[in-house]
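Produce the entire structure from the sequences given, and follow the hints as far as they go.
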Amino acid sequence: MKKLATLMTAVVLVMMSATMVSCGESDDYDYYFDLDRALTEYFNRYGDFGTDDRTTADWFDHYYPYASDYDYRSFINAVNADINNSRTTMARYLNGEWEGPLRMYFKNQAGQTVYTDYQVIWHFELSTSSDVKGRGTEYRYNEDEGETRTNFSWCVNGYGGIEISYDPSQSGQDPVNMLIAYNNLDKLSTTQFKGTSVGVNIEEEDDFNLTKRLPQRVKGETTAVAAGKTFGGKKADGKTAPVERNITINNGHR
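Here our numbering is used: the first residue of the sequence shown is 500, the next is one more, and so on.
Once the Cα atoms are required to be at most 27 angstroms apart in a straight line, the calculated DSSO-like pairs of lysine-lysine come out as: (1) LYS632 - LYS686; (2) LYS711 - LYS693; (3) LYS693 - LYS606; (4) LYS686 - LYS711; (5) LYS728 - LYS711; (6) LYS632 - LYS693.
Label pairs and their in silico Cβ distance ranges: (7) GLU642 - ASN583: 41 to 49 angstroms; (8) THR636 - ASP557: 40 to 48 angstroms; (9) GLN611 - ARG572: 50 to 58 angstroms; (10) LEU534 - THR710: 31 to 39 angstroms.
Please keep in mind that the hints were generated in silico from the structure rather than gathered at the bench.
We put the beta carbon where it would ideally sit given N, CA and C, even for glycine.
Structural data, given as structure tokens:
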């Protein structure tokens with residue numbers, strides 16, 4: 500009887516040992532990386548255009564320590580695809596004609612910050628639905644200065660910023676470059692465009708609040724862009740394109 504009890508004890512110990520090994524192997528084998536969940540969590544944390552490579556890698560390692568190199572590559576490819584899709588969608592939203600008030604802040608000859616109010620029409624032209632850039636025209640008006648018309652080039656950069664480069668008004672003059680960084684974009688939808696444009700090579704800031712005046716179809720398409728996602732990064736905890744203010748031209752504003 501004593502031998503039987505000893506034998507049964509040995510059998511139980513062997514079974515427990517086998518079970519413990521089996522569980523460990525099963526956890527490693529059965530680990531499942533949920534790509535959709537990871538993307539949702541990432542963009543909820545860092546906004547529509549993510550953050551820098553090092554922070555992204557650290558975030559992924561922290562929250563998905565058991566993920567494989569293949570999982571990480573799949574995640575990065577999906578992040579880049581999502582960002583490129585957002586750039587394309589933003590460009591298609593911009594396509595068309597926008598109208599509304601713009602308040603231009605700049606420094607006068609005495610170095611004081613002053614502002615001037617305008618009514619503006621921004622006309623964005625996108626050549627194809629897959630583009631993230633194009634050409635455009637700004638019509639700006641107030642009673643004191645009358646109406647001015649300036650052509651520009653524009654693009655949506657990889658940070659979600661909208662870069663606008665106004666054509667030189669005089670021969671030999673440099674273009675005036677303005678940036679609507681994603682963190683300075685309050686709202687961009689199919690009907691509203693609101694935010695702050697900051698000078699890159701000029702000391703100027705423009706607050707604008709525009710509504711879609713004329714929806715424009717992309718060449719080759721028969722319908723205008725349907726309403727969908729609304730973009731806005733003012734409160735997003737993500738990266739933005741750098742803004743540099745180097746010189747003052749044209750008495751402090753364009």
